Structure formats: C-alpha cells, structure tokens
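Asks: Listed below are the residues making up each chain.
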Amino acid sequence: MTGYVQFVDTAKSFGPVNVVRKTSLGLERNSLVVFLGPSGCGKTTLMRMVGGLDEPSSGSILLGGEKVVRPDRRRGMVFQSYSSFPWLTVEKNIAFGMRYRKDLDAMQKAERIGHYLDLFGLADFAGSYPNRISGGMRQRVAIARTLAAGSDVLLMDEPFGALDALTRERLQVELRQIQIREEKTVIFVTHDVEEAVFLADRIILFSRRPASVVADIDVAAELGADRPLEIRETQKFFELRNKVLHLIRNETGVVV
Amino acid sequence: MSLSDGDSDLFSSLFVFRGRASPLGEFAVSVAAAMLVIALWELAARAGIIAPQFLPSPSRVVVALWTMLTEQNLVWHVAVSTARVWIAFLLAAIMAIPIGIMMSSYRIVGAALEPMIDFIRYLPVPALVPLSIIWFGVGEETKIFLLWLGTFFQLVLLVADDMRRVPQEFVEVARTVGANSRQVMTDVALHWMGPTLLDNLRITLGWCWTYLIIAEIVAADSGIGYVIWTARRFVKTPEVMAGVVVIGLIGLVTDQLLRLLHRRLFRYL
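Protein sequences appear in the order of chains A and B.
Counted the way my numbering counts, the first sequence spans residues 1 to 256.
Counted the way my numbering counts, the second sequence spans residues 1 to 269.
If you are wondering where the hints come from, they were derived from the structure by calculation, not from laboratory data.
Predicted, not measured: the structure shown is a model, and the values here were computed from it.
There may be inaccurate statements among the hints.
[Stated by the list, open to error] Here are the simulated distance ranges between beta carbons:
| no. | chain 1 | residue 1 | chain 2 | residue 2 | range |
| --- | --- | --- | --- | --- | --- |
| 1 | A | Asn242 | B | Ser13 | 49 to 59 Å |
| 2 | A | Lys22 | B | Leu265 | 47 to 57 Å |
| 3 | A | Gln235 | B | Leu265 | 56 to 66 Å |
| 4 | B | Ala34 | A | Glu194 | 32 to 42 Å |
| 5 | A | Asp226 | B | Tyr106 | 43 to 53 Å |
| 6 | A | Thr167 | B | Ser13 | 23 to 33 Å |
| 7 | A | Glu239 | B | Tyr106 | 51 to 61 Å |
| 8 | B | Arg20 | A | Thr167 | 49 to 59 Å |
| 9 | A | Gly121 | B | Ala112 | 31 to 41 Å |
| 10 | A | Asp226 | B | Arg267 | 36 to 46 Å |
| 11 | A | Gly127 | B | Ala21 | 49 to 59 Å |
[Said to hold, decoys possible] Just a few of them, taken from the derived set where beta-carbon distance is under 8 Å, the chain B residues facing chain A:
| no. | residue |
| --- | --- |
| 12 | Trp41 |
| 13 | Trp86 |
| 14 | Pro167 |
| 15 | Glu169 |
| 16 | Arg175 |
| 17 | Thr176 |
| 18 | Val177 |
| 19 | Gly178 |
| 20 | Gln183 |
| 21 | His191 |
Even glycine gets a Cβ: it sits at the ideal position worked out from N, Cα and C.
Make the full structure from the sequences, and use the hints.
Replies: Here you go:
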C-alpha cells in the first residue's frame with residue numbers, strides 16, 4: 001500500500017461501539033478523495049483520525065510516512081457549521097490560520113492574507129464580520145484560513161451541506177480549481193452522490209457502521225481532471241452517478 | 001388626533017409576533033407603562049383603597065425620598081451600599097470566571113467542585129448569617145461575604161455552562177492551526193464566551209443587589225439596607241418604599257449601562 005495519507009489497519013471503537021472496522025487504504029498526494037457513505041457510518045471518524053482529533057483504537061495513520069499523533073497545521077479542518085470565528089473580520093479570520101506560525105514574518109503573513117483574499121474573491125469584504133456575509137462566503141473564509149495556515153491536507157466535513165444549490169455548485173467548482181492550483185490533498189466527507197462524483201478524483205464508498213470500504217471508484221479515470229459545471233449534464237456523468245447510487249443501494253442496503 | 005405615518009411605523013412592529021426592533025417606540029412604551037402604574041397607584045392610594053401604612057402614594061414616597069436626600073444623608077448610604085455590592089461582585093467575578101472555565105475545561109476540576117457548588121448554591125443566604133458572624137464578626141467582612149455568597153456560587157455555574165457551550169468545531173479549528181490548550185482558551189473560548197459572560201455578569205450583579213438588605217441588617221449603621229430596615233422598625237412605609245425605589249433605579253441604570261457596554265464591545269453580533 002502506498003500513498004501520502006495511509007490508513008494502516010486502522011480501526012476505531014467508542015467504548016463498546018465499533019465505529020470503523022480494520023481499514024487499510026492509501027490516498028495519493030494532491031488528489032481530491034471523497035468519503036461517501038450513509039449518515040453515521042464512521043466516515044467522519046476516519047477523517048478526524050487523519051486530523052489527529054481522534055486516535056485509532058488500533059492500527060495507525062501515516063502522513064508522508066510519519067505517524068499522526070496529534071493535530072497540527074499540516075492537516076486543516078473545514079466544518080459545515082461554526083466554520084468562521086464570528087468575532088473576527090474576514091481578514092483576521094484568514095490571519096488566524098497563521099497566528100501560531102513562527103516561520104513567517106509580518107510581511108509574509110500580510111502577503112499570504114492578500115493572496116487568499118484575492119483567490120477567494122473576498123478582498124471587498126476583508127473588513128466585514130462573518131454575520132455580514134453569505135454562507136458561501138463564510139465557507140470560502142474557512143477554506144482560505146486553512147490554506148493560509150499552510151495545510152497540505154484539507155479535511156472537509158460536509159462543508160457545503162448547509163448551502164443553497166447554486167452556491168454549492170459554485171463552491172464545488174472553485175474547490176476543484178483551487179485544489180489543483182494550490183496542489184493540495186483533500187479528503188471530503190459527504191453523503192451527496194452528485195457532489196461526490198463531481199468533486200472526486202476518487203470515491204471511497206463505506207458500508208454502514210462499522211465502516212469498511214465497499215468500493216473504491218477511480219472517478220478521474222472516467223471524467224478526467226478538468227470538471228466544468230456542464231459535465232454534470234453529460235452521459236458519462238449520469239452513468240457514473242447511477243453506478244455509485246447502485247453500489248450504495250446494493251452494498252449498504254440504504255438509500256442516501 | 002391621529003398618529004402620523006412616522007408614529008404608526010414606530011409602534012406597528014411592536015404588535016407583530018417577533019416584530020422588528022423599534023428602540024424609540026419601545027422606550028416610549030416603557031415610560032408610558034411605568035407612568036400608568038404610578039398613576040393607578042396614586043389613584044388607589046388617594047381613594048383610600050389601600051391604607052397608607054401599607055402602600056403610601058407615590059407622591060408621599062417622592063416627598064420621603066427628597067427628605068432622605070436633603071436631611072438624612074441618603075447619597076452617603078447609597079455610596080456605601082454600591083461599594084459593598086461592587087466589591088463583593090468583583091470578588092465573585094474574579095473567582096468565578098477562572099474556576100468556572102477550569103471546571104468545564106478539566107473534568108477533574110468539574111468532578112471535584114461541581115457537587116459542592118451545587119450543594120452550597122441551594123443554601124439560603126439568610127441561613128448562613130449566624131455562621132458568617134461567627135467567622136467574620138459584625139464588620140464589613142460579613143456584609144461582603146454574604147453578598148459574595150449570593151453571587152459567586154450562581155455565577156461560577158453560569159460561567160462553566162458558557163465554557164461548555166464553546167463549539168467543538170472552533171476548538172478543533174484552533175488546534176489544527178497549531179494552538180495549544182492555553183491559546184485555545186485565550187484566543188477562542190474567551191472570545192466566544194464574551195457576550196454571554198457579560199450577560200451573566202449583568203444578571204448576577206442584579207442578584208447581588210437583592211442580597212443587600214440581608215447583608216445590611218447585620219449590625220449595620222450605613223447603607224440603603226440599613227436605611228430601609230430602620231424605617232421599617234418605625235413603620236415609616238414611605239421611607240421604606242423610597243429605599244426600595246432607589247435600589248430599583250440603581251439597578252435600572254446599571255443594567256442599561258452594561259447593555260450599552262455589551263453593544264459597544266460586541267459589535268459583530
């Protein structure tokens with residue numbers, strides 16, 4: 001097994017409840033991997049273990065060959081709710097990502113803030129508080145903060161789940177573009193099949209709890225790396241989406 | 001006389017379920033409601049519906065208040081009571097904020113302290129007057145202690161709850177950008193808690209004032225509680241009412257000032 005992120009016989013229980021079965025898996029660097037599965041199946045727990053926020057009950061997780069033991073800025077989290085700090089302006093939220101970095105001086109930090117404000121189209125809202133901007137912008141702020149922190153791996157827990165359909169589509173397109181441009185590894189948790197197919201280079205489909213891998217789908221091989229919005233209307237996309245849906249129904253016995 | 005369009009806008013939202021805020025309209029209603037209660041009270045007193053030794057008219061209370069201000073050094077008594085309340089309250093806050101935060105942050109602290117605090121919280125403060133006299137004598141310490149007692153044990157649990165409600169997502173975001181436990185506390189938790197913490201301080205300051213009478217009947221020779229208690233012994237009901245009104249007015253002004261501070265400090269809400 002190879003990969004930048006490696007699950008090595010990783011299993012997790014919370015007391016008597018077995019949440020993740022022994023799993024071995026390797027995720028390539030600079031790829032966008034979607035963890036797909038029914039609600040409560042344990043996919044978020046797997047992702048949290050990559051973040052160092054939960055500890056495996058057995059086995060381990062390696063990042064670049066190094067064992068993950070605690071959270072650090074190389075693996076940044078983006079959540080669905082409470083994604084940006086309400087008491088900080090957009091600019092200061094992004095700056096928060098670098099607050100504890102001693103390797104950057106003030107000028108370098110300012111440059112990075114400017115870069116991410118521009119990259120995410122937030123420059124005009126730099127002085128605004130999160131309650132004055134839309135939900136989509138708040139998620140952009142959260143992603144920008146994580147990138148500004150210098151994270152190699154973005155761990156995204158249904159980050160677009162609470163957004164309206166149009167904003168969600170736009171952010172999906174932006175996320176793919178930024179992931180490629182900034183050369184980041186993204187683990188994206190969702191139970192939305194269409195979102196998974198559109199975003200993923202690779203979909204890992206999990207069973208019901210305790211989670212185990214039931215399918216590993218190479219989406220990039222079928223849809224390519226370039227994903228304009230129109231790809232959602234192509235036959236190839238429909239076929240792949242249906243294939244994933246059937247897999248979920250057959251393998252997990254549930255409709256998501 | 002009919003209301004102009006502007007006036008009707010001012011008041012119309014007040015009748016709507018969860019209607020828009022109308023600060024001026026709400027202020028006008030607050031003043032009008034208070035005036036109405038005072039007018040009804042005055043009418044009831046003048047009509048002799050209630051005996052004056054039980055409920056003197058507002059005008060007699062005002063006269064008593066004026067006499068207390070000009071002849072009985074009321075301002076001094078107010079200053080003494082305010083100092084006692086604020087010393088006790090600040091002591092309670094200085095202790096309750098770190099202890100409450102630690103109780104929610106470290107389970108060992110919570111497990112050790114919470115049952116004891118719950119136990120003491122339910123004890124009525126008057127029941128502890130004899131003990132406090134034995135411990136601290138009849139000087140200022142006892143008065144401050146009784147006021148502190150009524151505030152600290154309530155506030156510490158409110159602070160612990162505030163800390164418990166800091167979203168785990170914020171804590172985890174901070175940890176993944178490199179914050180240690182102390183930095184999570186100072187850079188995230190305290191900021192998140194700020195608005196509710198100030199609200200809880202405002203509420204418990206009000207509770208601190210409610211214990212004033214109990215604190216100032218213990219061998220006191222100053223303070224509004226002492227004034228009220230002395231007036232009661234001679235059935236000087238207008239003076240008793242005047243003392244109560246003064247406490248109410250101090251509460252009203254303090255509350256409004258703290259609300260203003262809240263709005264200034266937490267503009268992002």
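Asks: All the hints need checking, so say for each whether the structure fits it.
Replies: Here's how the hints hold up against the structure:
no.: 1; hint: A:Asn242 with B:Ser13: 49 to 59 Å; in the structure: 52 Å, holds
no.: 2; hint: A:Lys22 with B:Leu265: 47 to 57 Å; in the structure: 51 Å, holds
no.: 3; hint: A:Gln235 with B:Leu265: 56 to 66 Å; in the structure: 58 Å, holds
no.: 4; hint: B:Ala34 with A:Glu194: 32 to 42 Å; in the structure: 60 Å, violated
no.: 5; hint: A:Asp226 with B:Tyr106: 43 to 53 Å; in the structure: 51 Å, holds
no.: 6; hint: A:Thr167 with B:Ser13: 23 to 33 Å; in the structure: 31 Å, holds
no.: 7; hint: A:Glu239 with B:Tyr106: 51 to 61 Å; in the structure: 54 Å, holds
no.: 8; hint: B:Arg20 with A:Thr167: 49 to 59 Å; in the structure: 27 Å, violated
no.: 9; hint: A:Gly121 with B:Ala112: 31 to 41 Å; in the structure: 51 Å, violated
no.: 10; hint: A:Asp226 with B:Arg267: 36 to 46 Å; in the structure: 44 Å, holds
no.: 11; hint: A:Gly127 with B:Ala21: 49 to 59 Å; in the structure: 25 Å, violated
no.: 12; hint: Trp41; in the structure: 43 Å, violated
no.: 13; hint: Trp86; in the structure: 27 Å, violated
no.: 14; hint: Pro167; in the structure: 4 Å, holds
no.: 15; hint: Glu169; in the structure: 4 Å, holds
no.: 16; hint: Arg175; in the structure: 4 Å, holds
no.: 17; hint: Thr176; in the structure: 5 Å, holds
no.: 18; hint: Val177; in the structure: 4 Å, holds
no.: 19; hint: Gly178; in the structure: 4 Å, holds
no.: 20; hint: Gln183; in the structure: 7 Å, holds
no.: 21; hint: His191; in the structure: 5 Å, holds
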